[in-house]
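Peer 1: One-letter residues, chain by chain:
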Amino acid sequence: MERPRHQGMAKNTYMRWRLPLVCLLWEVAMIVLFGVFVRFSAEADAHWEEEKREMNLTSDIENDFYFRYPSFQDVHVMIFVGFGFLMTFLKRYGFGAVGFNFLLAAFGIQWALLMQGWFHSFKDGKILIGVENLINADFCVGSVCIAFGAILGKTSPIQLLVMTLFQVTLFSVNEYILLNLLHVKDAGGSMTIHTFGAYFGLTVTRVLYRPNLEQSKDKQGSVYHSDLFAMIGTLYLWMYWPSFNSAISDHGDAQHRSAINTYCSLAACVLTTMAFSSMLQKKGKLDMVHIQNATLAGGVAVGTSAEMMLTPYGSLIVGSISGIVSTVGYVYFTPFLESRLHIQDTCGIHNLHAMPGLIGGIVGAITAAAATEDVYGKEGFIKAFDFTGVYQTRTPSIQGGFQAAGIVVSLLMALVGGAIVGGILKLPIWGDAAVENCFEDGVYWEVPEDEESDVYHMHNPDKPASP
Amino acid sequence: MERPRHQGMAKNTYMRWRLPLVCLLWEVAMIVLFGVFVRFSAEADAHWEEEKREMNLTSDIENDFYFRYPSFQDVHVMIFVGFGFLMTFLKRYGFGAVGFNFLLAAFGIQWALLMQGWFHSFKDGKILIGVENLINADFCVGSVCIAFGAILGKTSPIQLLVMTLFQVTLFSVNEYILLNLLHVKDAGGSMTIHTFGAYFGLTVTRVLYRPNLEQSKDKQGSVYHSDLFAMIGTLYLWMYWPSFNSAISDHGDAQHRSAINTYCSLAACVLTTMAFSSMLQKKGKLDMVHIQNATLAGGVAVGTSAEMMLTPYGSLIVGSISGIVSTVGYVYFTPFLESRLHIQDTCGIHNLHAMPGLIGGIVGAITAAAATEDVYGKEGFIKAFDFTGVYQTRTPSIQGGFQAAGIVVSLLMALVGGAIVGGILKLPIWGDAAVENCFEDGVYWEVPEDEESDVYHMHNPDKPASP
Amino acid sequence: MERPRHQGMAKNTYMRWRLPLVCLLWEVAMIVLFGVFVRFSAEADAHWEEEKREMNLTSDIENDFYFRYPSFQDVHVMIFVGFGFLMTFLKRYGFGAVGFNFLLAAFGIQWALLMQGWFHSFKDGKILIGVENLINADFCVGSVCIAFGAILGKTSPIQLLVMTLFQVTLFSVNEYILLNLLHVKDAGGSMTIHTFGAYFGLTVTRVLYRPNLEQSKDKQGSVYHSDLFAMIGTLYLWMYWPSFNSAISDHGDAQHRSAINTYCSLAACVLTTMAFSSMLQKKGKLDMVHIQNATLAGGVAVGTSAEMMLTPYGSLIVGSISGIVSTVGYVYFTPFLESRLHIQDTCGIHNLHAMPGLIGGIVGAITAAAATEDVYGKEGFIKAFDFTGVYQTRTPSIQGGFQAAGIVVSLLMALVGGAIVGGILKLPIWGDAAVENCFEDGVYWEVPEDEESDVYHMHNPDKPASP
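Those protein sequences? They're chains A, B and C, same order as listed.
All the letters of the first sequence, read from the start, carry residue numbers 1 to 467 under full-length UniProt numbering.
All the letters of the second sequence, read from the start, carry residue numbers 1 to 467 under full-length UniProt numbering.
All the letters of the third sequence, read from the start, carry residue numbers 1 to 467 under full-length UniProt numbering.
In isolation and in its complexed conformation, chain A is listed as follows:
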C-alpha cells in the first residue's frame, strides 16, 4: 500500500511485476492458441470468390459483414465507451473506471473468441471467425463489465483479469447450455449476459465483503463533471441498445423488429425513471444516479423478447415497468442489500442488470409461450424460433418452459460460479487496496499532481463553506 494511514493494515498494491507478468503470459497463451485454432470464416477468407460462386451469391453485399458490421461497431462503443464512461461517476476513480474496463475487455474478447469459438464455430479442428464472432465476444465481455460494476473501486487490476478469465469461461458454458442444449432464444442476452453477469458480480462482491468500507464513503460520491462524464456512457448505451439487441438476430425482419422494440422500450423507461426518481425523493429533485442507470433498464428487459413479436406497445409496457423497478431498486434495495446482505454494489448493477435481466427472461418466456402461427405467419413462426430439425415438434408453450429453465440455469451458474471465483479472488496475493484507499485512482495510476492537491483542498476544513 502507498502511504499507510489510519488503522490501515498495510496491503501490498505494488503491481510492477505481477501485472506485467499476467498480461504478457496471457498474451503469449492467446497467440499460441489462436495460432493453433483460429482462422477466418469463409466470408472473411480470400477464398470467398469461390465460396460465393458455390453459394450462388450474385453480390458482395450478401457478405454477412454488411448485415452486421454497423451493429457490431455500435456494440463495440457500448462496451468500451458505454460501460467505461458510465462508471466514471466516481469523483476519484475515472482512470480506473475507463482504464480497467478497457483492460479487462481487451483481455476478455480474445479469450471469448476462443471459448465461444470452440462451442459454436468449431469445424475440422479450427475456429472460423467472422463479424458475428466479434459481436459475440463483445457480448461476452459485456457480462464481465457488468460484474465489474459491482466491485468497482475495490479490486486490483489483477483481480479483474482473473475474474475475467473465469467469467468468460463460465459465460461460454452457460451460453452453450442455453442456446444449444435448451435451444433457448436470447439474442439480446437478458439471461446470458445480464442475469448471469449481474448475479455473478453480486456474488463475487458478497464474498469480497469489506466491513469498514464507510471509511472511503467520501470518495464513493460524484462531482459535477464526473456526473457529466458518466452521462456520455449512459447515452451511448441508451442510443445503441437497439443495435445490441438486434446485432445477432436473423437477417431481415428479425433485426428490424428487435431494433424497433428496443427503441420503444427505452423511450418508455426514461419517463418512468424520471417519474420515480422525483417521486421517491422528499425534495422531489431528480437524482443523476437514476438517470444514469435506470433509464437503461428498458434495454435489458427486452433483451430476450425484442426479436420476437413483442409489438411496440408490449415494449412500452416492459420498458415502463423496468424503469420503475430499477429506480425503486436504487432507492430501497441497494441500501438493504448492503446493510443486511453485505452486498456492496458500487454501481447498483442489481437494479440495472439483475432485476431487469430477470424481467427480460420472464418476458421472453411469456412471449415465446404466447406465440402463434397467426401472429408470426407459418414460415415466420418456424424461422423465429428455429423450430427445425430435432426441434420441429416444439410447441410455443414448451419453448416458454425451456426459456424459463434458461433463467434458472443462468442464475445457478452465476451464483455457484461467483462464489467460487469470489473465493479465488479473496486470496491475499492479488494486490487489492486497503479499505481506506478504495475508490482512489492514486493506488494503481499515476495521477496528475495539481488535481490531487485540489482534492485534498476540497476537504480542507478552512475552505469557505457553501452558504
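Simulated from the structure, these hints should not be mistaken for laboratory data.
Everything numeric in this text was worked out from a predicted model, so none of it was measured.
Check the hints yourself; a few may be wrong.
Heads up, the list lumps identical chains together, so a pair's fine if it works in one copy or across two of them.
Mimicking DMTMM-like on lysine to aspartate or glutamate, the simulated pairs with C-alpha atoms at most 20 angstroms apart in a straight line are [stated by the list, open to error]:
hint, residue 1, residue 2
1, K219, E449
2, K383, E51
3, K426, E436
4, K52, D374
5, K11, E436
6, K219, E446
7, K52, D64
8, K383, E49
9, K52, E373
10, K282, E449
11, K383, E132
12, K383, D250
13, K11, E214
With chain A's structure known, arrange chains B and C on it following the hints.
Peer 2: Positioned in the frame of chain A, the structure of chains B and C alone reads:
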C-alpha cells in the same frame, strides 16, 4: 423555490407530484394508443418471409433496415448526445441540458410515432412502423430540441414536456401540409425541422420574457471544461449531419448525393465561421460560442437541397454563406434581439437554426426551380421530385414556388403556434424557477455537494484574482 | 503577444486580419476550383437510374454508398473526435486541441478532394466524387492530424493551415507514387498516412525547435479531467480502427478480413501496453499517457497488412509487439529525441505513429511476399493484390520488394517535405506564440474568466499543499 434570495418572488419549483404525474399519465396514454394503433411494418413483421416472396425480393439485404439503420443510429446520436451536450456549455446547467433533453426527446418520440404515423403510415386502422418512422420521430423531436435551446435554463421540466406535446403535434401538421399538400421536398428538414423549430422556440421565449434575467448573468457563461463538453455535442452534430440529411432520401444516388453535399457544405462553413469569429473581435481571438454553433449552420442550410443536384461547389457556397451569417448573428443579432425585441435566446438558435433554416428553404426553392432534365436525366428528374401521379405535370419553376410557399407556411405555423404554446407555458402552474435561480441545476437536480461549494468558492472575493 | 512576461521577445500573435484572410481566400479558391472540376460520381448523380440499367444492377443496395458509408462515418469520427480529443490531455490547451484540429481538418479535406481527385478520379476534365473520395480525404487529413500532434501547442492557427496546404499536397503525390507507380497495397495507410504523417511532423517540429521550451513545462502536463477527455479520443480511435483499416478495401471478404485483423491486433496491443506501462515504472503504476496512446499502435501496425491474409494470430503478434515498442518509446525515446535530437514531440507521435507505421510497412511487405495461391485461392490471390493488366506477372516476392520501396519513398518524402515546410513555417510572419505562452489557449482563444483565475490559483504558493 429553494432558498429565496434577493427580491425573489417566491416560486414553487417543487416537482415531487407534478412531474411524476405528468410522466406516468403520459406513458399510460402512450401504451393505450400504441396498443390500439401501432403495429410493425411489413419489413419488421415476422410475416416478412411471405412478403418477400410476393415482392420478388431475393435477399434479406433488400429490407429497408439495411438502407437506413446506420443513418438512423447517427441521427439518434445527434438528438441525444449532439443536442444534449451542445447545451452543456453553461457552467451550472449541465445536468439540465443533457437530462432534460433526454427526457423531452424520449417523451416526444413516442408521440411523434403516433402523430406522424396517423398522417403518413396509417393503413387499415393501424400505424405500421419501421426504421424510417424511427428516423422521422427523431427528426420531429429534433425540432423540439432546437426550441429547447432558446429557453434553456429558464423553464421547468413540466413546461418542457408540455411544450413537447404541443410542438410535436404542430410539427406533424406542418410537415403534412408541406410534404403531402404542397408536395414539397425537404429531406433534411431546413423548413420542417429548423425553420419551424427555431421560430417556434423564439416565439415561446419571447412570450416567456423575463425582465430581470441579468440577475443570473454570472451563470449564463461557460467554464473551461463545460466548453469542452459542449464540443462533444458540436462535433457529433457536425460529423453525423451528412447522415441526417440523407437518412430519409430515396435509396441509391439520392442518399449518396445528400451525404456528399452536406459534407462539403459543413467543411466550408467551418472556415468562414473561424474567419468571422476572429474578425469580429477586437482582440482577434476565436470565440468558442461561434465554433460550437456556427460551424453547424452549413448542415442546416443544405437541409432541403442536399438530395438535389446542388453539386459540391454549390454546397461550398451555401456552407460558406451560412457560416458567415450565423457568426455575424451571434455577434450582432443576438444582443439586438434581447435588448430590442425581448427575445432571450440562450443558445442562439436564431443564428444556428432560424436564419440558416430560411437560407436552406430558399436554396431548396432555387435549386428545385433550376432543375432540368439535362442535369437529372429523364428518369432521375421524375424520381428526384416525385413528379408522378397528380404531380406529373409540375414543372421545376412551379415546384420552386411551392417550395417557397413551404417556408412561409412553416414560419406562420411556428409564430402562431409558438405564441399560443408560449401563452400556455406562462400559466403559473408549471413550476418554473425565479429569475435568480435560472441556469442553475440545483433547482431541479440533486447536485453533488463538493462541487457546489466549489462554485461559491469561485465567486469568493478573497480569492486571488487573475493577474 | 498578449501581456509580455519574463524575458519574452514580444511576438505578434494578433490574428484578427491574418487568420480571416487566409480562411476566406482559401474558401473562395476552393469554390472556384470545385466549380471548375468537381462533379458527382455516377453513383451519386441523378443519372444513376440509367447507369444502373447499363451496369445490370438490380438493386439500389449495390450502390457503393451502402458498402462504405458506415465505415466512412466511423473514420469521420476518428478524425474529428478521435484526434481532436486525444490531444485535449494538456491542461490548458483543450480549445486549441479540438478547435484547431477541427479547423485544419475542415480546411484539408476540401483540398484533399481536389488533389486526390486529380490523381485518382479524374475523367474527361472532371473530378468525380463519391463516398470513397470522402474517406480518402479524411485519410489524407488524418496524416495532418498526426503531424499536428508533434507541434501541438507551439504553433499559430495560420501555421497549421499553411502546413495543411503543403502536407495534403505532398501526401497526395506520395500516395500516387505508392499506389499507382509502385502498385503498392496500403489500405489502412501504415505508410501513406502514418509513416509519412509522423516523420513529416517530426521533421517540422525539429526545424521549429524552441530552445527554452521548459519555460512552459508546467503547462505541458495534464489535469485529472483533461486526461478523461483524452480517453474519449483514445477509445473512439481504438474502437473504430477496424473501420479505418477496412474502409477502402475491396468489397466483400477484404473489408471483412481487415476489420477482424485490426480488432485482434488492437486487443493484443492493450495488454502489452498495460504490461510495459507498469513494468517500466519504479512504482509500478499505470501511466495515462501510455494508455491513451500506445494502445492504438496495434491499429497502425496492421494498416498495410490487415486486408491481406495476416490471420488472427498474426495480428495478435503484430499488435503485441507494437504495444511494447510504443510504450518503450514513450519512456525512453521521447526524452532522448528531445534532449539529443532537439525533436520536441508534444504528443509522442514518434511512438504512436512513426515506429508503428514502419512496423506496419514492414509487416505488409513480409505478408505480401509470403502470399501464396494456396492461402488466397487462385482468384483471391489475383484480387487481393490486383495482379491484373500490366501487373499480371508480378510475384509475391517482387510485390514485397515494392512494398518495402514504398516505405522508403514515404520516409524520404516526409523528411524532405517536412524540412522544406518547416523552413516555411519558421518565417516570422505566421503569428506563433512566445515560448512562455506555448500550450496556453489564452493566446488564440477567448477563455472563460473564472477558470483562468482558477489556474493561476492552482499555482498559488499560498494554497495548501498536498500532504
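Peer 1: Next step is simple, just say for each hint if it's right about the structure.
Peer 2: Structure-based check of all given hints:
Taking the closest pair of Cα atoms, K219 and E449 come within 20 angstroms of each other both inside a single copy (18 angstroms) and across two copies (12 angstroms). Taking identical chains as interchangeable, the C-alpha atoms of K383 and E51 lie at most 20 angstroms apart only when they sit on different chains, with a minimum of 14 angstroms there against 25 angstroms within one chain. Proximity of K426 and E436 under a CA criterion of 20 angstroms is satisfied intra-copy only: 18 angstroms inside one chain copy versus 52 angstroms between copies. For the homomeric pair K52 and D374, the shortest alpha-carbon distance between copies (18 angstroms) is at most 20 angstroms, but the shortest distance inside one copy (36 angstroms) is not.
Proximity of K11 to E436 under the C-alpha cut-off of 20 angstroms is restricted to the intra-copy arrangement: shortest distance 11 angstroms within a copy versus 43 angstroms between copies. In this assembly of identical chains, the alpha carbons of K219 and E446 lie at most 20 angstroms apart whether taken from the same copy (18 angstroms) or from different copies (17 angstroms). When the C-alpha separation of K52 and D64 is checked against a cutoff of 20 angstroms, the pair qualifies both within a copy, at 12 angstroms, and between copies, at 19 angstroms. For the homomeric pair K383 and E49, the shortest alpha-carbon distance between copies (9 angstroms) is at most 20 angstroms, but the shortest distance inside one copy (28 angstroms) is not.
In this assembly of identical chains, K52 and E373 lie within 20 angstroms of each other by CA distance solely across copies; the values are 18 angstroms between and 34 angstroms within a copy. Taking CA atoms no more than 20 angstroms apart as the test, K282 paired with E449 passes between copies only; the shortest distance there is 17 angstroms, against 39 angstroms inside one copy. For the homomeric pair K383 and E132, the shortest alpha-carbon distance inside one copy (19 angstroms) is at most 20 angstroms, but the shortest distance between copies (25 angstroms) is not. In the homo-oligomer, the alpha carbons of K383 and D250 lie at most 20 angstroms apart inside one protomer (9 angstroms), although the nearest pairing across protomers, at 30 angstroms, exceeds that limit.
Proximity of K11 and E214 under a CA criterion of 20 angstroms is satisfied intra-copy only: 18 angstroms inside one chain copy versus 38 angstroms between copies.
Consistency note: the structure conflicts with none of the earlier hints.
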